[in-house]
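Visitor: So the protein lines, in turn, are chains A and B.
Mapping of the first sequence onto numbering that gives the first Met the number 0: position 236 corresponds to residue 235, and the numbering continues sequentially without gaps.
Mapping of the second sequence onto numbering that gives the first Met the number 0: position 169 corresponds to residue 168, and the numbering continues sequentially without gaps.
All clues stand as given, with none of them false.
Identical copies look the same in the list; a pair holds intra-copy or inter-copy alike.
Using 16 Å as the maximum straight-line C-alpha spacing, the simulated EDC-like pairs for lysine to aspartate or glutamate come out as follows:
id: 1; residue 1: Lys4; residue 2: Glu321
id: 2; residue 1: Lys167; residue 2: Asp119
id: 3; residue 1: Lys249; residue 2: Glu233
Treat the hints as calculated values from the structure; they're not laboratory data.
2 protein chains.
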Amino acid sequence: MASLKFSNVYINDNWTITGPMESDSKLKKIDIKLDDYYFDEKTFEQAEIRMQKMAINSILARHKLSSKDIDLIVGGDLLNQIAASNYANNATNIPFVGIYSACATFPESLIIAGSFLKNDNVNKIIGITSCHNLTAEKQFRYPIEYGSPRTQTSTWTSTAAISVLLSKKKKNIKVESGTIGKIIDMGIKDTNNMGAIMAPAAAQTLYEHLSDLNRNVDYYDLILTGDLGCVGGEIFKEYCSKTYNIKIKKHLDAGCELYLKSQNVYAGGSGPSCLPLVLFNKILLQKKYKRILIIGTGSLHSPVMVNQKISIPAIAHAVSLEVL
Amino acid sequence: MASLKFSNVYINDNWTITGPMESDSKLKKIDIKLDDYYFDEKTFEQAEIRMQKMAINSILARHKLSSKDIDLIVGGDLLNQIAASNYANNATNIPFVGIYSACATFPESLIIAGSFLKNDNVNKIIGITSCHNLTAEKQFRYPIEYGSPRTQTSTWTSTAAISVLLSKKKKNIKVESGTIGKIIDMGIKDTNNMGAIMAPAAAQTLYEHLSDLNRNVDYYDLILTGDLGCVGGEIFKEYCSKTYNIKIKKHLDAGCELYLKSQNVYAGGSGPSCLPLVLFNKILLQKKYKRILIIGTGSLHSPVMVNQKISIPAIAHAVSLEVL
Numbered sequence: 000m001a002s003l004k005f006s007n008v009y010i011n012d013n014w015t016i017t018g019p020m021e022s023d024s025k026l027k028k029i030d031i032k033l034d035d036y037y038f039d040e041k042t043f044e045q046a047e048i049r050m051q052k053m054a055i056n057s058i059l060a061r062h063k064l065s066s067k068d069i070d071l072i073v074g075g076d077l078l079n080q081i082a083a084s085n086y087a088n089n090a091t092n093i094p095f096v097g098i099y100s101a102c103a104t105f106p107e108s109l110i111i112a113g114s115f116l117k118n119d120n121v122n123k124i125i126g127i128t129s130c131h132n133l134t135a136e137k138q139f140r141y142p143i144e145y146g147s148p149r150t151q152t153s154t155w156t157s158t159a160a161i162s163v164l165l166s167k168k169k170k171n172i173k174v175e176s177g178t179i180g181k182i183i184d185m186g187i188k189d190t191n192n193m194g195a196i197m198a199p200a201a202a203q204t205l206y207e208h209l210s211d212l213n214r215n216v217d218y219y220d221l222i223l224t225g226d227l228g229c230v231g232g233e234i235f236k237e238y239c240s241k242t243y244n245i246k247i248k249k250h251l252d253a254g255c256e257l258y259l260k261s262q263n264v265y266a267g268g269s270g271p272s273c274l275p276l277v278l279f280n281k282i283l284l285q286k287k288y289k290r291i292l293i294i295g296t297g298s299l300h301s302p303v304m305v306n307q308k309i310s311i312p313a314i315a316h317a318v319s320l321e322v323l
Numbered sequence: 000m001a002s003l004k005f006s007n008v009y010i011n012d013n014w015t016i017t018g019p020m021e022s023d024s025k026l027k028k029i030d031i032k033l034d035d036y037y038f039d040e041k042t043f044e045q046a047e048i049r050m051q052k053m054a055i056n057s058i059l060a061r062h063k064l065s066s067k068d069i070d071l072i073v074g075g076d077l078l079n080q081i082a083a084s085n086y087a088n089n090a091t092n093i094p095f096v097g098i099y100s101a102c103a104t105f106p107e108s109l110i111i112a113g114s115f116l117k118n119d120n121v122n123k124i125i126g127i128t129s130c131h132n133l134t135a136e137k138q139f140r141y142p143i144e145y146g147s148p149r150t151q152t153s154t155w156t157s158t159a160a161i162s163v164l165l166s167k168k169k170k171n172i173k174v175e176s177g178t179i180g181k182i183i184d185m186g187i188k189d190t191n192n193m194g195a196i197m198a199p200a201a202a203q204t205l206y207e208h209l210s211d212l213n214r215n216v217d218y219y220d221l222i223l224t225g226d227l228g229c230v231g232g233e234i235f236k237e238y239c240s241k242t243y244n245i246k247i248k249k250h251l252d253a254g255c256e257l258y259l260k261s262q263n264v265y266a267g268g269s270g271p272s273c274l275p276l277v278l279f280n281k282i283l284l285q286k287k288y289k290r291i292l293i294i295g296t297g298s299l300h301s302p303v304m305v306n307q308k309i310s311i312p313a314i315a316h317a318v319s320l321e322v323l
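Pulled out of the complex, with its shape left as it was, chain A reads as follows:
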């Protein structure tokens, strides 16, 4: 039994800072929009660290909270050693739980936070994640300055840091249940086709979530996958139908919902920020959906293993949200 129910876990607020591409995207409401990738720092990594720091400090400031009011921060990012999170959380004076599941980080952080909130003495947790196009591309593929051609299946790692404030206070969004996924590997080695790598993991987690909780997919008003992109999103729906006989009526993929067509990002957006970015700054603003299942999808891509010609495993974690 992999799924957990939460009775008393709420996302009270979120705070977002984005890079230049996301500032011009389909998103509607962003707290701070950057117009360059450096954020007045000397390197892209230091820019990403500063973005995370600002996301943590700003959500604290908006709620007039100090570090003493927060029991834990749970978070991660795409950098080796989750460096953006570790350096951003340096000297916050708040206990930090570092996690890694690539672009499935956001729902993993919600599930871990939800479990911690079952303790009587834990009341407020901040969830944090970030990604930066130029730190991620350099690390996982090529520095963007090389001008390597991209394929039509490739997605664009978004640039953003997002914090959420979780507590037991019934406000805004209820975290109703969550499913931790299993790692699967379909034998794909193409680092420019993350959608195909992750789609079966997303389908498997959806299947397990529905089975565990004895629900039909129509229970949800929307299935929102994280960053399969427009190509992977189609594979996901077909895979759900053919392998698990799950016919999804209302599905959106955050990667496919992020950028404008004119932004030329091929298969869409990606990165651990992509899902919360689209969820909070687009989907929830529409006030159309009450029950949303978010499925964060992580390609567990390691350049070292890819260079050793090993295929890329993937994971997906799902969280059921109810808009209050």
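Based on these hints, arrange chain B on the given structure of chain A.
Guide: Below, chain B alone, put in the same frame as chain A:
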């Protein structure tokens, strides 16, 4: 309030595989000892993956458990993208929670597992961690083949994978409480002096643990730090005394307890496996201590940030264990 109490969490068993150096060390009981670093694989990374896989499968086999009997695996390692854990957990058919806190991974996994076990439908969790001298040195410093000189403050990343079986069944070792640490950075940039980087984090976590739970340090029969090494261990005790006025009577550091003097490892052993390796395969076999506080110490060392001349932050997580 950072510390959590657990009423119903036990380490029922552990299973260990070690590399050549650890096989000849001060350790007493090891399930499988390797005499080379390749473990019949083509690369060191694939050897580390195979070691983790074996640690998971062997603890399952010893207890006649199948993947269906295990609710979760919680784990991580030192490789970028925690690749050893992600690849080892591929196709286990068990939900996987990936974490990263460098060499503080083992206590972080116990605290997260303990929180998950508060759910009625979660009964058995496997904690897993590994490290491999030759994958870690290559990634964090230099490939060992370069023959770079090492300093007297440097530690030797151990080679081992260790799994633990956690459940609500009262057997062997009780996980009594845990404290998630805060990240601190004392401005040190020397990647060959991890002990000094981590010692203040260990002291801070010890202080918070004792304050939160209103305990004197003498409550514990032993304070066992993870991999400060022989140099960092001394700094830790001095820092505890001078900064927090905590006078520790019984302290051992797993890094300092792992290797023989003749093995010439300078300041001792390190890596996320170091703490559980010494705990299970040496300290607990002596049957000398009943209440043990383990403090896993993580240098949140990122080569990218070190190359940008940024100092190295550290974290420490503590878990109180009671031998039944």
